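Residue numbers (the numbering used here), protein chains in the order written: chain S, 1 to 316; chain D, 1 to 285; chain L, 1 to 340.
Hints are computed from structural coordinates only; laboratory data are not their basis. As the structure is a computational prediction, the values presented were derived from the model and not from experiment. Check the hints yourself; a few may be wrong.
[To be verified] Interface residues of chain D toward chain L, partial, derived using beta-carbon atoms under 10 Å:
#, residue
1, Ser7
2, Pro11
3, Gly86
4, Ala94
5, Ala97
6, Ile101
7, Glu114
8, Arg159
9, Asn260
All C-beta atoms in this analysis are idealised placements derived from N, C-alpha and C, irrespective of residue type, glycine included.
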Amino acid sequence: MADLDAIKAEAKRLLSEGVVEVLVAFMPGDTPLHPQPAFFTNPDEVENLVCNGLCQNNLATFLTRLPKEKKVGMLVRGCENRSVNALVVEKQKSRENLYLVGIPCEGIIDWRKIVERVGEAVLAVNENDDQVEVETRDGHFSFMKNELLHDSCLRCSHPTPVSADILIGEALAEGNPATAREAVEEFAAQSAEERHDWFQKEAERCIRCYACREACPMCYCTECFVDHIEPRWTESGATPAGMQGWHIVRAFHQTGRCTSCGACERACPMDIKMTYLTEKLNQDMKNKYNFEVGLDTQTQPPFATVTLDDKNRFTV
Amino acid sequence: MPSNSRSLYTPIPMHVLHGYYESTDHSLKTLELSFDNAEDSQAFFEAFNPGQFCLLSVAGKGESALGVASAAWEGDFVRFTAQKMGSVTSALHALKAGDAIGMRGPLGNGFPLEDWKGKNLVIIGGGCAFSTLYALTKHVHHPTNRDNYGKLTLVYGTRTSGLCMYKHDIAAWHENEDMEIHQAIDVPEDNWLHHVGYVPDVVRQVAPSPDNAVAVVCGPPIMTKFTLPALVELGFAPENIFTSLEKRMKCGIGKCGRCNLGPKYICKHGPVFSLAELNALPADL
Amino acid sequence: MNLILEKQALPGLLQSWREQFDVYVPQKLERFSHFMPLLDTSVLVTDEPHNTRIPPKALFLPMTETLVKFTRFGGYEDAHQTIHPRIIFGIRPCDAQAVQLLDTSFIQEGYTDPLWLERREKTITIGLGCHEPCHNGFCTTVGYGPFNKADLDALLTDIGDFYLIETLSEAGETCFRGLASASDETYEHALNIQHTAHDQMPVAFETENLKEKLEQNFNSQYWEAVSQSCLGCGVCTFLCPTCFCFDIADETQRRERVRNWDTCMFRTYSLEASGHNPRPSRVERTRQRLSHKFVYWLDQVNQIGCTGCGRCVRYCPVGLDIRAMLRRAQSLPFEVSHAL
């Protein structure tokens with residue numbers, strides 16, 4: 001469990017000492033299941049800060065929405081830290097203008113797993129170590145946290161922020177990389193027909209709301225390829241060609257950039273499990289290039305660099 | 001609204017009669033379109049009113065909203081002048097005489113000519129937005145309509161002389177004693193005989209009288225923004241100052257939602273609004 | 001007419017309608033319910049205490065729809081659609097009320113949308129009221145309610161093992177022809193359930209002078225404050241039963257001009273070819289969304305353009321809550337308009 005008092009103390013310090021101009025974190029939502037991202041500019045506001053398992057957004061997505069020169073502080077969990085690093089490598093922010101408050105993460109609770117079990121009339125949610133207590137209109141329920149975690153978090157390799165300026169809480173053990181790899185291999189082991197059916201089934205629910213894109217820290221293009229008119233890359237409507245084109249191309253644009261945070265899946269209003277695409281590409285990056293994004297702010301992603309001794313002659 | 005059985009979204013089939021550049025830099029091109037079917041032409045001219053616009057359609061590219069730049073008496077064709085800006089207007093520029101084109105219209109409200117009868121008209125235009133004012137002037141100035149209106153004063157400004165549209169008619173209007181035309185360019189040029197300066201300043205210089213007059217302003221947003229207050233200063237009441245607005249449009253018939261200014265749709269309740277009406281709408285432009 | 005239907009008899013009745021109509025009912029899709037055509041093996045979802053994920057507006061204004069077909073040599077023809085008469089069963093009052101609101105936009109003298117009109121004319125709507133108020137809805141706050149009758153041919157009230165059916169039109173009567181009449185007692189019992197449900201809905205925000213407060217504070221910092229964490233996706237507007245904005249695009253390869261759901265929350269919505277954008281950031285776009293629903297709809301048809309269905313509250317990825325935004329708006333300064 002995150003030490004909220006320590007987080008708040010550090011947040012107050014950062015703001016009152018002028019280390020940062022804005023601290024991006026979370027505050028309670030207007031409903032118990034949805035804490036909201038918050039932008040604290042004043043130490044007095046920090047009393048409102050929360051950091052719990054229901055904080056489902058990857059805050060790094062807000063980094064590219066703030067002015068580049070602004071000194072930004074951010075609460076980062078494992079995947080968020082790696083997303084921030086990826087953005088620094090892509091020169092979307094300089095590391096000197098960042099102060100990262102690292103929170104070792106026990107996983108994000110998938111609020112839909114709560115609703116599936118107890119319905120929507122949730123009045124309060126409290127976490128106690130490895131238990132989650134849910135108060136609803138119909139009574140009191142208790143769950144093991146593990147059974148409520150978002151699927152991406154169950155596959156997480158790096159729960160502890162890798163390059164925070166300060167770590168609040170005990171570093172957690174690294175996850176087993178085999179879990180993510182096995183999930184990809186299991187899917188890949190299916191026949192081409194089965195995989196294609198799955199792809200079509202998931203894509204056909206898409207309503208082109210682009211919540212996945214907006215929730216993703218790495219999707220920051222001012223003009224997304226779907227909005228481009230000449231040439232027109234993919235159909236813009238909820239047609240099979242359009243939806244499939246959207247999913248495939250966005251996944252490919254994430255190659256070597258996705259930190260497996262799962263924010264896309266959590267944002268999707270149609271429960272589309274699109275991470276199977278990016279997870280496959282992440283595994284490919286590991287296997288072929290021995291590359292995992294965001295572990296530091298120096299290593300260049302293989303697909304964004306060209307050197308004279310690249311294996312494929314055509315790239316020179 | 002055209003009264004045909006075609007869906008509101010299906011363009012009327014037309015062909016390009018003539019296409020020619022207005023401006024020396026080829027950024028502005030005029031297209032004159034003829035109707036493939038006589039019933040469409042009849043329905044169009046029955047409904048048409050200067051100040052209205054149409055959506056010109058290039059199959060595969062999209063549609064572009066353009067003001068009608070011709071008066072009904074000119075003949076069985078419809079004139080538009082398009083500035084080359086994006087993919088559809090580029091496609092329009094590439095059209096030649098004989099090419100097929102689609103048109104949806106006439107759309108919008110047009111100028112309230114009934115209300116303007118008996119009044120002096122002060123017509124102020126800038127840049128390529130002059131096209132509907134050109135249609136208005138052609139309509140008002142025609143012998144059958146002239147006696148319905150009072151004094152005609154025109155102010156037309158362009159960045160350079162080369163960007164002036166409808167040069168042939170403008171030259172003739174300078175010679176015409178029945179109207180007072182003040183043409184302006186932004187910066188001095190050799191052999192320029194008329195005003196130099198921005199339209200709002202020229203309007204102040206010309207100082208048209210607000211007595212029994214209405215003023216209509218069509219120009220780029222920045223020009224309109226500064227000309228409207230100049231007219232107020234000169235004593236024009238907000239109900240007697242008109243302008244034509246533009247916003248991104250798609251359906252043109254008040255259905256898709258995007259061209260709204262508060263509760264009004266520019267494509268349907270406009271594009272012509274009085275300053276009094278605008279003052280009651282949010283500044284969402 | 002007030003009739004009763006045994007719940008057990010519902011599946012059979014719905015199947016019998018299939019002789020003449022396509023029947024759309026809420027069915028399970030992944031983890032949620034969705035209006036889909038009734039098949040022989042369909043499993044109905046009629047007892048969840050809330051509405052479907054996607055509003056049934058999708059059955060009148062499809063997510064994507066062909067408007068015009070391109071013919072050879074640059075010609076055009078109307079896209080001909082074949083709409084089979086259909087019955088939508090289980091539509092919630094919030095969603096039906098929204099269809100009535102959308103009618104005021106799509107069906108107007110001289111400006112009627114032919115595609116919308118055809119679908120409307122060929123649709124019978126059988127509503128299912130919400131005897132157990134949903135958790136995030138606020139229909140009563142915006143002037144409607146869990147047993148609102150707008151745009152319904154019949155309204156069902158769940159009274160345990162039975163439904164009370166109030167037929168509201170000839171079409172509704174025809175659908176339930178042959179069923180037994182409800183006794184006065186049963187009817188009173190149902191009315192009680194309806195009133196209780198209505199009263200149980202909490203007041204989410206005050207609507208008095210809300211319109212004036214929103215429209216008189218166009219340049220206020222309020223808009224930035226309530227849109228700070230907005231991601232600018234389209235979830236709220238796409239899941240909204242009263243949102244109707246659409247884009248028109250040419251699909252060259254299919255030789256068609258189509259319309260697709262669009263949203264004022266996207267940057268490109270009002271982006272002009274010159275590069276100018278009247279609503280350049282999420283601040284202005286949030287202002288447009290809230291103002292459209294709680295100011296402009298009132299100016300146009302004197303009704304609030306939100307039916308309190310609660311979907312935007314449940315599915316906003318960053319937990320933004322329109323009810324909280326409007327509660328906050330109540331503290332904006334305003335002047336009572338001395339209108340005629």
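Status of each hint after checking the structure:
1. Ser7: Cβ of Ser7(D) sits 4 Å from chain L, so the hint holds.
2. Pro11: 5 Å, holds
3. Gly86: With a minimum Cβ separation of about 4 Å from chain L (threshold 10 Å), the hint on Gly86(D) holds.
4. Ala94: 13 Å, violated
5. Ala97: 14 Å, violated
6. Ile101: 7 Å, holds
7. Glu114: 19 Å, violated
8. Arg159: 14 Å, violated
9. Asn260: 7 Å, holds
Violated hints, in rising order: 4, 5, 7 and 8; the structure is consistent with all others.
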